[in-house]
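*Asks:* Let the sequences and hints guide you as you build the complete structure.
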Amino acid sequence: MTDGERGGAPLWDRPARSREVTGRGCIQKSVIRAVTPGVGAAYSRVPACHQGRLASNLAGADSRQKLGQVMDHIDPPALDALVARLAEGDRSGFPTIFRALWPPILRLCQSLLKNEADALDAAQEAMEKVFTRSSDYDPQRAALPWALAIAAWECRTTLRKRQRRREAPPVEEEGLSELGVSAGETEEQFAQRDLVRAALDALGNLPELDRETLTATFWEEAATTSGATLRKRRERGLERLRTSFRRLYGF
Amino acid sequence: MDSEQLRHIERAARLAYEWGRARRALLGFAPSLLLVALGIVFTTDARWTLVFGFAMFLGGVLLLWYGQEPRRAVLPGLLAGLVPLTLALCAKQMGHVCSGDTCTLVCLPACVLGGGVAGLIVAMVGKRRQRGPGFWLGAAMMALSTGAMGCACVGYSGLIGLALGYAAGSAPVLVLAWLRG
Numbered sequence: 278m279t280d281g282e283r284g285g286a287p288l289w290d291r292p293a294r295s296r297e298v299t300g301r302g303c304i305q306k307s308v309i310r311a312v313t314p315g316v317g318a319a320y321s322r323v324p325a326c327h328q329g330r331l332a333s334n335l336a337g338a339d340s341r342q343k344l345g346q347v348m349d350h351i352d353p354p355a356l357d358a359l360v361a362r363l364a365e366g367d368r369s370g371f372p373t374i375f376r377a378l379w380p381p382i383l384r385l386c387q388s389l390l391k392n393e394a395d396a397l398d399a400a401q402e403a404m405e406k407v408f409t410r411s412s413d414y415d416p417q418r419a420a421l422p423w424a425l426a427i428a429a430w431e432c433r434t435t436l437r438k439r440q441r442r443r444e445a446p447p448v449e450e451e452g453l454s455e456l457g458v459s460a461g462e463t464e465e466q467f468a469q470r471d472l473v474r475a476a477l478d479a480l481g482n483l484p485e486l487d488r489e490t491l492t493a494t495f496w497e498e499a500a501t502t503s504g505a506t507l508r509k510r511r512e513r514g515l516e517r518l519r520t521s522f523r524r525l526y527g528f
Numbered sequence: 646m647d648s649e650q651l652r653h654i655e656r657a658a659r660l661a662y663e664w665g666r667a668r669r670a671l672l673g674f675a676p677s678l679l680l681v682a683l684g685i686v687f688t689t690d691a692r693w694t695l696v697f698g699f700a701m702f703l704g705g706v707l708l709l710w711y712g713q714e715p716r717r718a719v720l721p722g723l724l725a726g727l728v729p730l731t732l733a734l735c736a737k738q739m740g741h742v743c744s745g746d747t748c749t750l751v752c753l754p755a756c757v758l759g760g761g762v763a764g765l766i767v768a769m770v771g772k773r774r775q776r777g778p779g780f781w782l783g784a785a786m787m788a789l790s791t792g793a794m795g796c797a798c799v800g801y802s803g804l805i806g807l808a809l810g811y812a813a814g815s816a817p818v819l820v821l822a823w824l825r826g
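Just so you know, the protein sequences line up as chains X and F, in that order.
Just add 277 to wherever you are in the first sequence, counting from 1, and you've got this note's numbering.
Just add 645 to wherever you are in the second sequence, counting from 1, and you've got this note's numbering.
The set of hints was computed from the structure by calculation and includes no laboratory data.
Check each hint, because a few of them may be wrong.
Here are a few chain X residues that face chain F, going by a calculated C-beta distance under 10 Å [said to hold, decoys possible]:
#, residue
1, Arg362
2, Leu363
3, Glu365
4, Asp367
5, Arg368
6, Pro372
7, Phe375
8, Arg376
9, Trp379
10, Leu397
11, Val407
12, Phe408
13, Ser412
What follows is a list of derived Cβ distance ranges for each label pair [stated by the list, open to error]:
#, chain 1, residue 1, chain 2, residue 2, range
14, X, Lys438, F, Gln738, 54 to 62 Å
15, X, Pro484, F, Ala812, 44 to 52 Å
16, F, Gly673, X, Lys438, 25 to 33 Å
17, F, Cys735, X, Pro354, 47 to 55 Å
18, X, Lys438, F, Arg692, 44 to 52 Å
19, F, Val686, X, Pro354, 31 to 39 Å
20, F, Glu663, X, Ala505, 38 to 46 Å
21, F, Ala822, X, Asp398, 51 to 59 Å
22, X, Glu512, F, Pro676, 35 to 43 Å
23, F, Gly673, X, Thr373, 35 to 43 Å
24, X, Asp415, F, Ala812, 38 to 46 Å
25, F, Ala816, X, Ser369, 32 to 40 Å
26, X, Thr373, F, Ala822, 33 to 41 Å
Beta carbons: idealized from backbone N, C-alpha and C, even for Gly.
*Replies:* The structure is reproduced here in structure tokens:
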């Protein structure tokens, strides 16, 4: 499927805030579309924003409200500066950074894993990895995409573990039935989950900078930078992602 | 998710942060153990070299783990400390110098001279980069513990000579900087 067929400008030329995005599930849909133009027809059967709805159901209004209470709204440049100072050893900004990073990382894990318990575990692991590696943080890069790239990698690891232990289908079926998701939707959910997993696998094979750039591109809250450099990086990252996907899955 | 659970996650993240820094500091400063090994090879009394070598390593790791100003003192302090260490080890190999009827040990003068040069190096770096007290203290600790690995060969006099030389070397630059505001 070409960009023209999808309608509108190529994904990397659209401003981050004005993409066809109404929920995080749709952002994932954009990931799949961008990565797998060849499987667009199969994917188009998946209801729009399905994952976003599911993630919202899983998170629950109560927990979202509680998360809102602990979230620090902080400008991306201020966050970058705080993380850079933390990398230097200035611990005074630690609580602020934690409160700023936790909600987006948890939401990312919820949208990728679609299981509250797994998402919590993965988000906690991701936070620990972010802070373990914070001394390696490069101040030239944006902090939020950097942290989300680590979280996405952690979610990929969790998905793989889940796949290996064959835990995913029973847990998800149980979770979906509890949430009242119909049987027809479940099949599509499985197909979508497989595609997301495949896309994440392909994403995992890319260099860290590409992963960061693509995470910033597809998760709205991470899109903190703009300009020609980011556009070129996106183009290169997407091309490599497509190549990686084709190599892994043959289309 | 309640706030207690979130606090637990924050504590775990903080622990991970500190552990990450500690591991990085340990790995980053591990090559300095080669210096301790060299000191042990060339000195006659390995105990003191071991003691000061351990102090140097521990101090360096702590400074690197802590970060900020003290972290930046590690490399200049270590390099400056190499001067008295090298001079003292060379002097120890040389033994003594005889002129006419009198023979003198060169170890003590080597330590004083090395300490002076080390103090001068640290002071110049600190002044040029406009560092604060954390840098001065950290660099002094690193330079003195590194130099002491070699200067301990002549006992307390070597250590005192090293410290006095260091003070004498760094004082002029510090006084000048203080006078200029």
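*Asks:* Against each hint, give a clear statement of whether it holds in the structure.
*Replies:* Now the hints, each set against the structure:
{"no.": "1", "hint": "Arg362", "verdict": "holds, 9 Å"}
{"no.": "2", "hint": "Leu363", "verdict": "holds, 8 Å"}
{"no.": "3", "hint": "Glu365", "verdict": "holds, 5 Å"}
{"no.": "4", "hint": "Asp367", "verdict": "holds, 6 Å"}
{"no.": "5", "hint": "Arg368", "verdict": "holds, 8 Å"}
{"no.": "6", "hint": "Pro372", "verdict": "holds, 7 Å"}
{"no.": "7", "hint": "Phe375", "verdict": "holds, 5 Å"}
{"no.": "8", "hint": "Arg376", "verdict": "holds, 8 Å"}
{"no.": "9", "hint": "Trp379", "verdict": "holds, 7 Å"}
{"no.": "10", "hint": "Leu397", "verdict": "holds, 7 Å"}
{"no.": "11", "hint": "Val407", "verdict": "holds, 8 Å"}
{"no.": "12", "hint": "Phe408", "verdict": "holds, 4 Å"}
{"no.": "13", "hint": "Ser412", "verdict": "holds, 5 Å"}
{"no.": "14", "hint": "X:Lys438 - F:Gln738: 54 to 62 Å", "verdict": "holds, 59 Å"}
{"no.": "15", "hint": "X:Pro484 - F:Ala812: 44 to 52 Å", "verdict": "holds, 51 Å"}
{"no.": "16", "hint": "F:Gly673 - X:Lys438: 25 to 33 Å", "verdict": "holds, 32 Å"}
{"no.": "17", "hint": "F:Cys735 - X:Pro354: 47 to 55 Å", "verdict": "holds, 53 Å"}
{"no.": "18", "hint": "X:Lys438 - F:Arg692: 44 to 52 Å", "verdict": "holds, 51 Å"}
{"no.": "19", "hint": "F:Val686 - X:Pro354: 31 to 39 Å", "verdict": "violated, 52 Å"}
{"no.": "20", "hint": "F:Glu663 - X:Ala505: 38 to 46 Å", "verdict": "holds, 40 Å"}
{"no.": "21", "hint": "F:Ala822 - X:Asp398: 51 to 59 Å", "verdict": "holds, 54 Å"}
{"no.": "22", "hint": "X:Glu512 - F:Pro676: 35 to 43 Å", "verdict": "holds, 41 Å"}
{"no.": "23", "hint": "F:Gly673 - X:Thr373: 35 to 43 Å", "verdict": "violated, 27 Å"}
{"no.": "24", "hint": "X:Asp415 - F:Ala812: 38 to 46 Å", "verdict": "holds, 39 Å"}
{"no.": "25", "hint": "F:Ala816 - X:Ser369: 32 to 40 Å", "verdict": "holds, 34 Å"}
{"no.": "26", "hint": "X:Thr373 - F:Ala822: 33 to 41 Å", "verdict": "holds, 35 Å"}
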